[in-house]
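What follows is the residue order along each chain.
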Amino acid sequence: MAAGIVPKFVGSRVKRREDPRLISGNGTYVDDIKLPGMLAAVMLRSPYGHAKINSIDVEAAKKLPGVVAVLTGEDIRGKLPTLITAAPAQNVPYHPALAQDRVRFVGEAVAVAVAIDQYTAQDALDLIEVDYDPLPVITDPEKALEADAPVIHEQFGNNISTRAEVKSGEIDRAMREADRIIKFRLVNQRLAPVPMEPRGAVAQWNPGSEYLTLWSSTQGPHLLRSYLAEVLKLPEHRMRVIAPEVGGGFGCKLNVYAEEVMTAYLAMLLNKPVKWIERRRENLATTTHGRDLITYIEAPVKNDGTILGLKARFICDMGAYLQLLTPMVPGFAGMMMTGCYKVPAMAFEQLMVFTNKMAPDAYRGAGRPEACFIAERTMDMIALELNLDPAEIRRKNFIPKEAFPAQIASGLIYDSGDYEPALDLALKHIDYPKVRAEQAEGRKHGRYIGIGICSYVEICGIGPSPMLPPSMKGGGWESATIRMEPDSKVTVLTGVSPHGQGQETSFAQLVADELGIGIDDVTVVHGDTAIVQYGTGTFGSRGTSVGGAALMMAVQKLQAKMKKIASTMMEVPPDQLTFNNGTIAMASDLTKSIPLQRVVDASYGHKHPIPGIEPGLNEAGFYEPTACTFPFGTHACVVEVDADTGVVKFLRYVAVDDCGRIINPLLVEGQVHGGIAQGIAQALYEEVIYDENGQLLTATLMDYAVPKAEMLPHYELDSTVTPSPINPLGVKGVGEAGTIGSTPCVVSGVLDALKPFGIKNLDMPLKPEKIWRAIQAARKA
Amino acid sequence: MFPASFQYHRAASVKDALGMLQQFGDDAKLLSGGHSLLPMMKLRLAQPTHLVDIAGVAELSGVREEGGKIVIGGATIHDNVASNQIVRNKLGLLAEVASAIGDIQVRNRGTIGGSLAHSDPAADYPAGVLALEGEIKLESSSGSRVVKAQDFFVDLLTTAIKPGEILTGVSFTPHPARTGFAYLKHRQPASGFAIVGIAAMVTLDAKGNCERVRVGVTGLGAKAFRPAAVESALAGKKPDTGAIGTAAAHAADGIDPLSDIHASADFRSELARVYTRRAIQQAIARIKT
Ligand SMILES: Cc1cc2nc3c(=O)[nH]c(=O)nc-3n(C[C@H](O)[C@H](O)[C@H](O)COP(=O)(O)OP(=O)(O)OC[C@H]3O[C@@H](n4cnc5c(N)ncnc54)[C@H](O)[C@@H]3O)c2cc1C
Numbered sequence: 001m002a003a004g005i006v007p008k009f010v011g012s013r014v015k016r017r018e019d020p021r022l023i024s025g026n027g028t029y030v031d032d033i034k035l036p037g038m039l040a041a042v043m044l045r046s047p048y049g050h051a052k053i054n055s056i057d058v059e060a061a062k063k064l065p066g067v068v069a070v071l072t073g074e075d076i077r078g079k080l081p082t083l084i085t086a087a088p089a090q091n092v093p094y095h096p097a098l099a100q101d102r103v104r105f106v107g108e109a110v111a112v113a114v115a116i117d118q119y120t121a122q123d124a125l126d127l128i129e130v131d132y133d134p135l136p137v138i139t140d141p142e143k144a145l146e147a148d149a150p151v152i153h154e155q156f157g158n159n160i161s162t163r164a165e166v167k168s169g170e171i172d173r174a175m176r177e178a179d180r181i182i183k184f185r186l187v188n189q190r191l192a193p194v195p196m197e198p199r200g201a202v203a204q205w206n207p208g209s210e211y212l213t214l215w216s217s218t219q220g221p222h223l224l225r226s227y228l229a230e231v232l233k234l235p236e237h238r239m240r241v242i243a244p245e246v247g248g249g250f251g252c253k254l255n256v257y258a259e260e261v262m263t264a265y266l267a268m269l270l271n272k273p274v275k276w277i278e279r280r281r282e283n284l285a286t287t288t289h290g291r292d293l294i295t296y297i298e299a300p301v302k303n304d305g306t307i308l309g310l311k312a313r314f315i316c317d318m319g320a321y322l323q324l325l326t327p328m329v330p331g332f333a334g335m336m337m338t339g340c341y342k343v344p345a346m347a348f349e350q351l352m353v354f355t356n357k358m359a360p361d362a363y364r365g366a367g368r369p370e371a372c373f374i375a376e377r378t379m380d381m382i383a384l385e386l387n388l389d390p391a392e393i394r395r396k397n398f399i400p401k402e403a404f405p406a407q408i409a410s411g412l413i414y415d416s417g418d419y420e421p422a423l424d425l426a427l428k429h430i431d432y433p434k435v436r437a438e439q440a441e442g443r444k445h446g447r448y449i450g451i452g453i454c455s456y457v458e459i460c461g462i463g464p465s466p467m468l469p470p471s472m473k474g475g476g477w478e479s480a481t482i483r484m485e486p487d488s489k490v491t492v493l494t495g496v497s498p499h500g501q502g503q504e505t506s507f508a509q510l511v512a513d514e515l516g517i518g519i520d521d522v523t524v525v526h527g528d529t530a531i532v533q534y535g536t537g538t539f540g541s542r543g544t545s546v547g548g549a550a551l552m553m554a555v556q557k558l559q560a561k562m563k564k565i566a567s568t569m570m571e572v573p574p575d576q577l578t579f580n581n582g583t584i585a586m587a588s589d590l591t592k593s594i595p596l597q598r599v600v601d602a603s604y605g606h607k608h609p610i611p612g613i614e615p616g617l618n619e620a621g622f623y624e625p626t627a628c629t630f631p632f633g634t635h636a637c638v639v640e641v642d643a644d645t646g647v648v649k650f651l652r653y654v655a656v657d658d659c660g661r662i663i664n665p666l667l668v669e670g671q672v673h674g675g676i677a678q679g680i681a682q683a684l685y686e687e688v689i690y691d692e693n694g695q696l697l698t699a700t701l702m703d704y705a706v707p708k709a710e711m712l713p714h715y716e717l718d719s720t721v722t723p724s725p726i727n728p729l730g731v732k733g734v735g736e737a738g739t740i741g742s743t744p745c746v747v748s749g750v751l752d753a754l755k756p757f758g759i760k761n762l763d764m765p766l767k768p769e770k771i772w773r774a775i776q777a778a779r780k781a
Numbered sequence: 001m002f003p004a005s006f007q008y009h010r011a012a013s014v015k016d017a018l019g020m021l022q023q024f025g026d027d028a029k030l031l032s033g034g035h036s037l038l039p040m041m042k043l044r045l046a047q048p049t050h051l052v053d054i055a056g057v058a059e060l061s062g063v064r065e066e067g068g069k070i071v072i073g074g075a076t077i078h079d080n081v082a083s084n085q086i087v088r089n090k091l092g093l094l095a096e097v098a099s100a101i102g103d104i105q106v107r108n109r110g111t112i113g114g115s116l117a118h119s120d121p122a123a124d125y126p127a128g129v130l131a132l133e134g135e136i137k138l139e140s141s142s143g144s145r146v147v148k149a150q151d152f153f154v155d156l157l158t159t160a161i162k163p164g165e166i167l168t169g170v171s172f173t174p175h176p177a178r179t180g181f182a183y184l185k186h187r188q189p190a191s192g193f194a195i196v197g198i199a200a201m202v203t204l205d206a207k208g209n210c211e212r213v214r215v216g217v218t219g220l221g222a223k224a225f226r227p228a229a230v231e232s233a234l235a236g237k238k239p240d241t242g243a244i245g246t247a248a249a250h251a252a253d254g255i256d257p258l259s260d261i262h263a264s265a266d267f268r269s270e271l272a273r274v275y276t277r278r279a280i281q282q283a284i285a286r287i288k289t
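Top to bottom, those sequences are chains A and B.
Using this note's numbering, the letters of the first sequence correspond one by one to residues 1 to 781.
Using this note's numbering, the letters of the second sequence correspond one by one to residues 1 to 289.
Chain A on its own, in the form it takes in the complex:
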């Protein structure tokens, strides 16, 4: 860069500054951490979906040379309390870190072996003998509600964790006044998040200072510290949690897992560093899953396609135990299920049901993909039923631009929105009238083209603290510290914990522009509770809208202080000063300036103190958002179904997203690409399958179908920009949008292709065989 030219970074395609170290193999993930004398822990896991543990014999395992300890549930009984659920639920089961008396899902940890290395620990597991009595297994949440279903937690008498109802507006009247009520059942199948890096933890206990350090592949190191402090009964100032490089989270690493607790506990017990690294099979079986929601929907409509209300009954599969936010996710789905439409009344009932499976929890979108799926399938069903155009039915029911900020039936207030332009743009990109004509022509010749449309709205920037469960640690706010170092370079400490989102880049862009410096003059530090002030972490697309806003508060404080110092040096009032190109200058005449370095020297050198101004350049901001942000957009796709094989082929995929102001288009596109891939995966490929005995049939990546590049379309991206009035940056969030918009879009497209067969609905994933069978059945009928 030529001297003297400082570009505006915000809005430009700055390459991710985290990438050079990651792609050159210089990142440090949990498994890269090696400490002297470190031991390896490996978990013995239940092979049964439901069984009574009669006895566990660990004697042979303990005797194996190299084995340091073998623990079972009995060894921690009374010493370690139950694992934690932060979200409200009526029946919360006792959840020990190692199973006690019973195992309730395949993969539940039963014992842990600690040895000099993982091989020896694994050998030790082979020597442990567990005597089980298998019990009846229940994996279908609807069957789990039947009177004679085996009860998973006997103390509750049945398998219901929570029953909750939300009702708003005059739903009964809407049902009465409707011309017709459209009823259908939808299934959001269970998914596995499958981050590239599985979970892992390393714990080190210093008995001299009674200080615990824990490295964990987590999305929220501060939250994890607070919860571990509670479970381990340690004070938080004697604990340091570090999230080193984290290779993907998608929600599944926003949790407090048995293995994290055990790794820390073992390090304290043995006075030795202990490492536990999850294997891929464990990852698929024992890292939280996502979705798994059955919904029965009733939509009262007028014959002209106007929707009057939305009523739903949710059967939420909770798995065997409740993880940190398990009971919270379905609620989000209910609150957002009316989508971007004027729906004056709504009601939903949630039945949260225990089954012999791993617990689901937040997974990319956490409730909004489910909500969007409900809203968009409802629109398609109305269009189908009334023989209306799916694009027009959406346009007809959109919340109009003038209505924003708009309160929806569930009570949420959408900050800003303008839904039609995004729909129009997507339709223009796919050349809607032309592709409809092609579809009609193709149908005459046995070619089945389908056009999918999904207009989504979602909730980001979580969020005002009262939105989080009362018992959840931390808050909905976020924090930042900015420090101008003595050489006028800048260190930012952010309370969010990015793990792929790119805030080391976007935050540096913000700071560089605000302070008139280069982007390489800024370093963003995160993920270490001993370095960074308390923060809530990265989830719910909050990093930039909440964490970025906190950073802006800190920046403004720093600017104010530096202007005050410059003001006395330049004899110009502070409010007439601005930051420009490495200087503080008069806003009206940028040539009248002093270099930043002189201000920094004055502050740190402090040889000529200014009354009332402390030395040093270190400012913090804690930002509590007043409301959430609501990004939106329209995805459209054109697909073709091979009627002989049921194979779906993409012809086009267009995404028009509106995430408010864009700080870095490259980062936004990256988030959208990954999001769409995961959303398409739900529509077409992925599904966690347990058989009726509770065996996990998708226990490896040879059976769980994470899509490869060749299974995904070419993405054509565009955007509209409707800034959020909620935060000073005008940003909304984009981490989950792609996942939310793409699933219904693809399902809509495939079902549109199948319309000539009279096929109205099929459950995801839309695998070739399912489509083929539906076509066969239709042809027979």
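Treat the hints with caution; some may be incorrect.
Simulated pairs of lysine-lysine, DSS-like, Cα-Cα distance not exceeding 25 Å [unchecked claim]: (1) LYS42(B) with LYS63(A); (2) LYS272(A) with LYS63(A); (3) LYS42(B) with LYS34(A); (4) LYS62(A) with LYS42(B).
Since the hints were made in silico from the structure, they are not lab data.
Using the hints provided, position chain B with the ligand relative to the given structure of chain A.
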């Protein structure tokens, strides 16, 4: 995933490897690309105490022409078969099959000998080797023998290889004139293996009738096979759409199809019929006259 402990031996030659197999007997396993064996060892489903690595044995690797035949060494990696000029020019079907295996990492490690010896019911090579009527050379310390592809695949994960034998190569007759071929694969979405894979090779006579039709089917049953009824239905016939359709309808005849979470027996059978029809059509369309 951690395998049980084992001893690793690197063989310098076929003779060296055979010697070790004899010495360690049942406790030994050959290690070639390791892409089938190592995953099983990591799950501790296989626990050999000795691994004899033949991946680096020079005489087992590569493609050569020998007395009008094309011979592929047993430890030749998939990518070398897919990209070899001799194979591409004279044995296009095999190159096409090899390039359909897994992804680039798999093709850079996995070998033809390992794939055939492992005989996964969903592996690609068996379909091609059957359609091409390959001949498989097996060597042991007491001599060598040649097994026809037809006789090589015995059952699920079971072949004609006897303990102490090494698959040292596979030989093929180059495609004759007026021959077209195609390999069509319906991938299992997670593993990339074949739910069904159809290798078809068609030679037409001067009048444009089918002189020879060879089809190899993988994925459908416990072992790869040639659907005799499909081949014979077209023999001597004019390959029009009707005749091909009628013939392809026999692709799953007499087979007890596999069934799993990715495809039921019915669907697999239907895929076999549809892909057989399409593969034969494509093979014919590709014939240069
Ligand atoms: C992720 C992944 C995806 C894959 N996808 C596909 C796919 O799409 N299609 C497909 O066909 N395959 C696929 N494979 C399998 C791959 O092609 C393997 O490489 C192949 O099946 C085995 O070959 P190998 O050289 O790796 O054998 P190894 O794993 O080394 O050995 C396999 C078995 O054969 C024995 N053996 C090896 N060489 C010889 C020999 N010369 N003589 C006698 N016995 C021998 C070994 O002792 C062992 O029992 C995939 C594998 C992986 C890991």
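Going down the list of hints, with the structure as the test:
1. At most 25 Å may separate the alpha-carbon atoms for a hinted pair to count; LYS42(B) and LYS63(A) meet this at roughly 23 Å.
2. Restraint check for LYS272(A) and LYS63(A): the C-alpha separation of about 19 Å stays at or below 25 Å, so the hint holds.
3. At roughly 23 Å between alpha-carbon atoms, LYS42(B) and LYS34(A) fall within 25 Å of each other, so this suggested pair holds.
4. At roughly 23 Å between alpha-carbon atoms, LYS62(A) and LYS42(B) fall within 25 Å of each other, so this suggested pair holds.
Hint compliance for this structure: no hint is broken.
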